[in-house]
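Trainee: Residues per chain are reported as follows:
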Amino acid sequence: MNMFWCFLVSLSAGSLLIGCGSSADIPSRNESLTAISLITPQIDSLDSDIMNRTRLLPGGHDLITLTRSTAVNTLLERITNRSLKDIHFDFLATRPLWKEEKSVLGIDFMNYVDIDTGMLDIDLKKFVFTDFSGNNIDAAIEVEGTGTIKASGKYTGVPATVSPQIHFYLNEQIKFAVTADSDFIRLIPVPKIVLLKTRVTVSLLGWNVPYYKEISLQIAELIKPVSIPSAVRSEIVFPIPAAQYGDRRLEFVRRYLRFTRSTVRVHNGALEYRSNIDFEKE
Amino acid sequence: MTQNNSGYQCSLRHRGPFDSRFFILLTILVFGSSAPGCFILRPFAGADVDLDQLHAARDAKMLLVRRDGAERLLRRLDVGDTIVNADISFYFSEALLNKAASQLDSTTGWLDSLTSYNIKSIRVVLFNGSAIATIAMAAYNHQYDVDVGLLMDCILAFKIEEGKFFATLEPFNVVPTVTATGMISSFEGIIQDIVTMRLSTLSDNLPPIQFPVDFNNQFPVQGSMVRVRSGINLDITTPPQTLKYSLALKEVLIFKGKLFVAMNVKKAGVIR
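Respectively, the protein sequence lines represent chains A and B.
All residue numbers in the first sequence are consecutive under numbering that gives the first Met the number 0, ending with 281.
All residue numbers in the second sequence are consecutive under numbering that gives the first Met the number 0, ending with 271.
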């Protein structure tokens, strides 16, 4: 019974061979050895040529990523070009923004302008990485925006409210320190005072107040450290064969990745991240 | 599974009264249909299998795959742009590939309700132009209580689908070095053709080797607030946002001991 069934299966399967590729006969040992002796020097020669062309490729860690500055700037460019506002200014009461004491015909009075309130959203005009060197990245940041605020004051004793124009401009070179943190590359702003140039143009009852101030800002307070993932996940779900027979051919197991010997450096205009990786069970 | 001078030696273990006959069935179940370029070493020819012959044939086929891959790689290096001309380049070591592949070690799957297989080990070697995984595995027919051990050489084909990077296993050498007698010999030709025809079924059953790389990525950018209380009273805030980007595969190249993957930035944006 079993022999018959076996034979039937074999014949049935054999009948399916029409149109299928045929299997290869095993070559004799001598044929194989001849092929090996012919191919081996060809491979050696090819390997040698390839090694000559690729000897500068990095190695020595499980994972190495090279991110070119142009790639980072491509990302940054798309961000700065979008329509969303990047920086929000909330004006609080400033009393006074400007004042001057006058005396006319023996009468003392004060001309002044207060800022009452106001809000302004402005775009990041430029943010590009300009130089990758050492373990630092130099960046150029440019911010510019104009808006109006609410102000009030008195001129020659006459009160008035106005909506003066305010203009901000910042154009500075800043620096980021680059460090590796497990599977992250951290960009840490190097502390530096930058100047936000501020001009308020107030015209109150014909009194023109030229207000200009360079506001000192600590860049490390304005820009927080950024952790960029190395594009390698900290966990992964591996497909493995389903241990039980059923509809599902595969099942999935979770593994956590442990990163060791992580380093990062700036090299040849690229950010080079290195790490060794081990898979750990849940 | 034992190991001799030239590699692994696979074995057929007879347990039941109809083992040799049922081996035909098992063979049909174990091996799939024709895979292009697949090279089946004919091991089912009875007791007179010459192991040296078998392993020499395997070595020769392996070298052929390596040579073809190296030739393709050299042509690429000669005519294409420089390989580092990509936004982001990844280099994965052979050791990492083996750590990923070894997640499949000692796993058991099923070819059908009666036939299970066990992956004993997968070892990947990266050559210039080719990645070859050697799978030591065993299939077991539960109805007839028959084991077949085999060694399978596979080319690793690297793919990215739905943001996941993985390697599929495409067998090109199957070396079940079995000794069989009796009626096996008379079915030799049919078995060989069936093995060829159904090899892709086995390939389909093997899970891909997945790499922990995420080509759709995002990271948060913290917001900030600075209080200015000199000259003008104002608060300057930058909102927290998430930077999102995806990468597109440019090319995958295989070098001795390392896998090179070049990617370009495909999309980038910000979400709040």
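Do not rely on the hints blindly, as some may be mistaken.
Claimed, not checked - Pairs of lysine-lysine, DSS-like flavour, derived with a Cα cap of 27 Å:
hint : chain 1 : residue 1 : chain 2 : residue 2
1    : B       : 163       : A       : 125
2    : A       : 280       : B       : 266
3    : A       : 84        : B       : 266
4    : A       : 84        : A       : 125
5    : A       : 124       : B       : 119
6    : B       : 265       : A       : 84
7    : B       : 265       : A       : 280
8    : A       : 84        : B       : 119
9    : B       : 266       : A       : 125
Stated by the list, open to error - To spell it out: a stretch of chain B is covered by chain A in this simulated footprint if at least three of its residues, at any positions, have a beta carbon under 8 Å from a beta carbon of chain A; those stretches are:
hint : segment
10   : 91 to 105
11   : 112 to 121
12   : 132 to 140
13   : 150 to 162
14   : 263 to 270
Stated by the list, open to error - One side of the interface only, derived from the structure: several residues of chain B facing chain A at Cβ under 10 Å:
hint : residue
15   : 54
16   : 109
17   : 210
18   : 227
If you're looking for bench data, these hints aren't it; they were derived computationally from the structure.
Since the structure is predicted, the reported quantities are computational estimates derived from the model, not experimental observations.
Yeah, the Cβ is synthetic: ideal placement off N, Cα and C, and Gly gets one too.
Trainee: Give a verdict on every hint.
Mentor: Hint check results:
no.: 1; hint: B/163 x A/125; result: violated (33 Å)
no.: 2; hint: A/280 x B/266; result: violated (33 Å)
no.: 3; hint: A/84 x B/266; result: holds (20 Å)
no.: 4; hint: A/84 x A/125; result: holds (13 Å)
no.: 5; hint: A/124 x B/119; result: violated (59 Å)
no.: 6; hint: B/265 x A/84; result: holds (23 Å)
no.: 7; hint: B/265 x A/280; result: violated (33 Å)
no.: 8; hint: A/84 x B/119; result: violated (57 Å)
no.: 9; hint: B/266 x A/125; result: holds (19 Å)
no.: 10; hint: 91 to 105; result: holds (count 8)
no.: 11; hint: 112 to 121; result: holds (count 4)
no.: 12; hint: 132 to 140; result: violated (count 0)
no.: 13; hint: 150 to 162; result: violated (count 0)
no.: 14; hint: 263 to 270; result: holds (count 5)
no.: 15; hint: 54; result: holds (9 Å)
no.: 16; hint: 109; result: holds (4 Å)
no.: 17; hint: 210; result: holds (8 Å)
no.: 18; hint: 227; result: holds (6 Å)
Hint compliance for this structure: hints 1, 2, 5, 7, 8, 12 and 13 are not met, and every other hint is.
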